[in-house]
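Colleague: Listed below are the residues making up each chain.
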Amino acid sequence: MYILVAGGGKVGANLARALIGMGHEVTVIEQRQDRFDKLEEELEHQVQHGDATEIYVLERAGIGRPPDLVLGVTGDDEDNIVICQIAREKYGVPKVIARVNDPRNQETFDLLGISPTVSATSTILALVEHEVPEHGLIHLLDLRNENLEIVEVQIDKSSPSAGKTVAGLSLPQESRLISVTRDGQSEIAVGSTKLLPGDRVLAILKPGWEDEFRRALISA
Amino acid sequence: MKAIVVGCGRVGSRVARQLDRSGWEVTVVDEREDALHRLGENWTGGFVVGHGIDVGVLERAGIEEADAVVVATNGDNTNLVIGQVAQKRFDIQCVVVRILDPARAEFYATRGLRTVCPTSTAISVLTDAVRSCEVNREKVAG
Numbered sequence: 001m002y003i004l005v006a007g008g009g010k011v012g013a014n015l016a017r018a019l020i021g022m023g024h025e026v027t028v029i030e031q032r033q034d035r036f037d038k039l040e041e042e043l044e045h046q047v048q049h050g051d052a053t054e055i056y057v058l059e060r061a062g063i064g065r066p067p068d069l070v071l072g073v074t075g076d077d078e079d080n081i082v083i084c085q086i087a088r089e090k091y092g093v094p095k096v097i098a099r100v101n102d103p104r105n106q107e108t109f110d111l112l113g114i115s116p117t118v119s120a121t122s123t124i125l126a127l128v129e130h131e132v133p134e135h136g137l138i139h140l141l142d143l144r145n146e147n148l149e150i151v152e153v154q155i156d157k158s159s160p161s162a163g164k165t166v167a168g169l170s171l172p173q174e175s176r177l178i179s180v181t182r183d184g185q186s187e188i189a190v191g192s193t194k195l196l197p198g199d200r201v202l203a204i205l206k207p208g209w210e211d212e213f214r215r216a217l218i219s220a
Numbered sequence: 001m002k003a004i005v006v007g008c009g010r011v012g013s014r015v016a017r018q019l020d021r022s023g024w025e026v027t028v029v030d031e032r033e034d035a036l037h038r039l040g041e042n043w044t045g046g047f048v049v050g051h052g053i054d055v056g057v058l059e060r061a062g063i064e065e066a067d068a069v070v071v072a073t074n075g076d077n078t079n080l081v082i083g084q085v086a087q088k089r090f091d092i093q094c095v096v097v098r099i100l101d102p103a104r105a106e107f108y109a110t111r112g113l114r115t116v117c118p119t120s121t122a123i124s125v126l127t128d129a130v131r132s133c134e135v136n137r138e139k140v141a142g
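As they're listed, the protein sequences go chains A and B.
Numbered by this note's numbering, the letters in the first sequence go through residues 1 to 220 in order.
Numbered by this note's numbering, the letters in the second sequence go through residues 1 to 142 in order.
DSBU-like, lysine-lysine: derived pairs with alpha carbons at most 30 Å apart:
no.: 1; chain 1: A; residue 1: 164; chain 2: A; residue 2: 194
no.: 2; chain 1: A; residue 1: 206; chain 2: B; residue 2: 88
no.: 3; chain 1: B; residue 1: 88; chain 2: A; residue 2: 90
no.: 4; chain 1: B; residue 1: 2; chain 2: B; residue 2: 88
no.: 5; chain 1: A; residue 1: 206; chain 2: A; residue 2: 157
no.: 6; chain 1: B; residue 1: 88; chain 2: A; residue 2: 95
Some chain A residues flagged as far from chain B (calculated, every beta-carbon gap over 12 Å):
no.: 7; residue: 1
no.: 8; residue: 11
no.: 9; residue: 138
no.: 10; residue: 197
Here are some, though not all, of the chain B residues that point toward chain A, as calculated from beta-carbon distances under 8 Å:
no.: 11; residue: 54
no.: 12; residue: 77
no.: 13; residue: 81
no.: 14; residue: 84
no.: 15; residue: 101
no.: 16; residue: 103
no.: 17; residue: 104
no.: 18; residue: 111
Quick caveat, the hints were computed from the structure, so don't treat them as lab data.
Using N, Cα and C, we set each Cβ at its ideal position, and we do this for glycine too.
Excised from the complex, chain A in its bound form (with noise of 0.2 Å):
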């Protein structure tokens, strides 16, 4: 594939390095001219200089063939946004991935249609909510397309769910039960599957059903 890395710091010079290395086409457009020297010691014709939003640059690092995936990973939310909609819009490249990072800006990228997108800060909460479960629901994958999210439960003794089957449940409406784990075996859960202490489950639910899915399962 020919991949366009827009911004050669920490993220895109590594990204850079790893997909070359995966025997990619690449080309890094890095706007600092210190880092720009370095990376081009080391990457020689595969790095440009400039900035990524400026479509002149753009054009020279080969966006009108135009690359199979354009990365968005320069360290400002703006800049990507607008790198991955001249990229998609104005040139037809097929598949974008953004860096998001504050993630306050998430919402903006998802208004605005840039997808799919990475954001560090996020997915190391997830992976710290993931340890430290503060309210027993533990999100695991959001499907942004699909606007649905993946979330897992741990029951235990007092939960309202326990000892009952999964038909027996007064779960919310936009909300399924996918797979239940005990003693490190899953299976998938269907009407008359039981829910016991102990067990972890894995849902499907809409966002905003959080709550009524907690109170469901774990806490009454």
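Using the hints provided, position chain B relative to the given structure of chain A.
Modeller: Chain B alone, transformed into the frame defined by chain A:
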């Protein structure tokens, strides 16, 4: 009529003052509190300190009731994103965005954003000025 002006630099502050003078209810947004002085001592309009990319800041400035939004911070990409948020999230019909780079101004104009490019304006005014010099010289020579 209510207007929000994002960015209180040379351009934003003067736009805010002129709209205010022509009877608009204006609220200005800028990251720096000391930008307020650009609006003059007698500024009676609103002023909110914060970054325009922050939706909460726009809401505090009253964007939900705004009739017009002018975006004129010193960053083209910041302006492009804030302008699109005003249009798409808050459904503001009149959004005007200052973009210094003619190429980006042109591209986003084709996507329905009203962009104003001072660079393009300067280029055509300067070119016209030079052309009119040639005309005068020809007249002198003739």
